[in-house]
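Here this note's numbering runs 192 ahead of the position in the sequence shown, where the first position is 1.
One should not assume that every hint holds.
[As the list claims (entries may be wrong)] Lysine-lysine pairs mimicking BS3-like chemistry, simulated, CA-CA at most 27 Å apart:
no. : residue 1 : residue 2
1   : Lys-454   : Lys-431
2   : Lys-454   : Lys-437
3   : Lys-431   : Lys-456
4   : Lys-240   : Lys-228
5   : Lys-435   : Lys-456
6   : Lys-407   : Lys-437
7   : Lys-334   : Lys-307
8   : Lys-334   : Lys-324
9   : Lys-213   : Lys-240
10  : Lys-314   : Lys-324
11  : Lys-334   : Lys-314
12  : Lys-454   : Lys-435
13  : Lys-435   : Lys-424
14  : Lys-229   : Lys-240
[Unchecked claim] Restraint-style ranges between C-beta atoms, simulated for each label pair:
no. : residue 1 : residue 2 : range
15  : Ile-218   : Leu-248   : 29 to 37 Å
16  : Arg-242   : Val-280   : 45 to 53 Å
17  : Gln-244   : Val-280   : 46 to 54 Å
18  : Ser-453   : Thr-402   : 36 to 44 Å
Simulated from the structure, these hints should not be mistaken for laboratory data.
Quick reminder that beta carbons are idealized off the backbone N, C-alpha and C, glycines included.
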Amino acid sequence: MHFSNEDDPLASSTFRRSQRKMASQIEKLERESVAKKSWTLLGEASSKQRSQNSLLENFVEYESNAKVTQEVTDSIEQIVRKRIMDCVWDDPSPPSFVNHVPRPKQDLPEVSTEKSTASLSKLYENDYLEKKESQRPLSTSKITPEIASLWDQVSQALDTLSGFQFASAMDSVHSISSQAQLPSFSTNEIEKGAAIHAASLAVSGASSHTPEEIKRPLRTPLKSELERDSSKTEHQRAKRLRKIKGSKRPHASSSLLNTLSKQKVPIFS
193 MHFSNEDDPL ASSTFRRSQR KMASQIEKLE RESVAKKSWT LLGEASSKQR
243 SQNSLLENFV EYESNAKVTQ EVTDSIEQIV RKRIMDCVWD DPSPPSFVNH
293 VPRPKQDLPE VSTEKSTASL SKLYENDYLE KKESQRPLST SKITPEIASL
343 WDQVSQALDT LSGFQFASAM DSVHSISSQA QLPSFSTNEI EKGAAIHAAS
393 LAVSGASSHT PEEIKRPLRT PLKSELERDS SKTEHQRAKR LRKIKGSKRP
443 HASSSLLNTL SKQKVPIFS
């Protein structure tokens, strides 16, 4: 059995498949446009043109205008005459307040409309200082130092009575100062580090020399391949070729040379 390329979806290209799909869609739309229209698309349709209960199954939008009759006009005129006779007007009447008590006037803070001359950082600084001033403790009275000294004496007497040995006078709690916890070095560590540094200087004298004395600078500055002229390029190329030819030349081993020299065979380099 023979299959054509059009029937095989894998053999056809993407463009041909898209063309066939588009052609099928166009054919479907053409059939729908030529076919008989539904009653919902024919405009005004009577009950004979549509099936039974089809109006309930579809949502139909339509416009309807109420017919003005003489009875409606007479009823409106009667309503207007009755309101005129009863003095019932449509104008809104203001509400009446009974025993209205006026509210006390509040003292609102005055807001300045002038632009502030202080910057935003200055305003934040002022707010911080105000909060800090409000949180500052009250100033101590003059008798506070006297009370502290009396308490120190009482504490020292109690410590002396409670112990079998004499307790020396301790520093007052108020006179103790805090010290920063910083790393410290012992004398042995400092002496050991100095000895190691001196030994390294004695062994190596590189620290006493300048960079030019340690390594001699080049006579000519280095240049890239783009900066070199034609003569330099030819010289470098010839040098590389000589190096390649020298590496390809076969070299006789030392044992073979010794054997030939013992047999007095002439060797040509």
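Taking the hints in turn, this is what the structure says about them:
no.: 1; hint: Lys-454 to Lys-431; in the structure: 37 Å, violated
no.: 2; hint: Lys-454 to Lys-437; in the structure: 30 Å, violated
no.: 3; hint: Lys-431 to Lys-456; in the structure: 36 Å, violated
no.: 4; hint: Lys-240 to Lys-228; in the structure: 16 Å, holds
no.: 5; hint: Lys-435 to Lys-456; in the structure: 32 Å, violated
no.: 6; hint: Lys-407 to Lys-437; in the structure: 33 Å, violated
no.: 7; hint: Lys-334 to Lys-307; in the structure: 47 Å, violated
no.: 8; hint: Lys-334 to Lys-324; in the structure: 24 Å, holds
no.: 9; hint: Lys-213 to Lys-240; in the structure: 40 Å, violated
no.: 10; hint: Lys-314 to Lys-324; in the structure: 15 Å, holds
no.: 11; hint: Lys-334 to Lys-314; in the structure: 37 Å, violated
no.: 12; hint: Lys-454 to Lys-435; in the structure: 32 Å, violated
no.: 13; hint: Lys-435 to Lys-424; in the structure: 17 Å, holds
no.: 14; hint: Lys-229 to Lys-240; in the structure: 15 Å, holds
no.: 15; hint: Ile-218 to Leu-248: 29 to 37 Å; in the structure: 35 Å, holds
no.: 16; hint: Arg-242 to Val-280: 45 to 53 Å; in the structure: 51 Å, holds
no.: 17; hint: Gln-244 to Val-280: 46 to 54 Å; in the structure: 53 Å, holds
no.: 18; hint: Ser-453 to Thr-402: 36 to 44 Å; in the structure: 52 Å, violated
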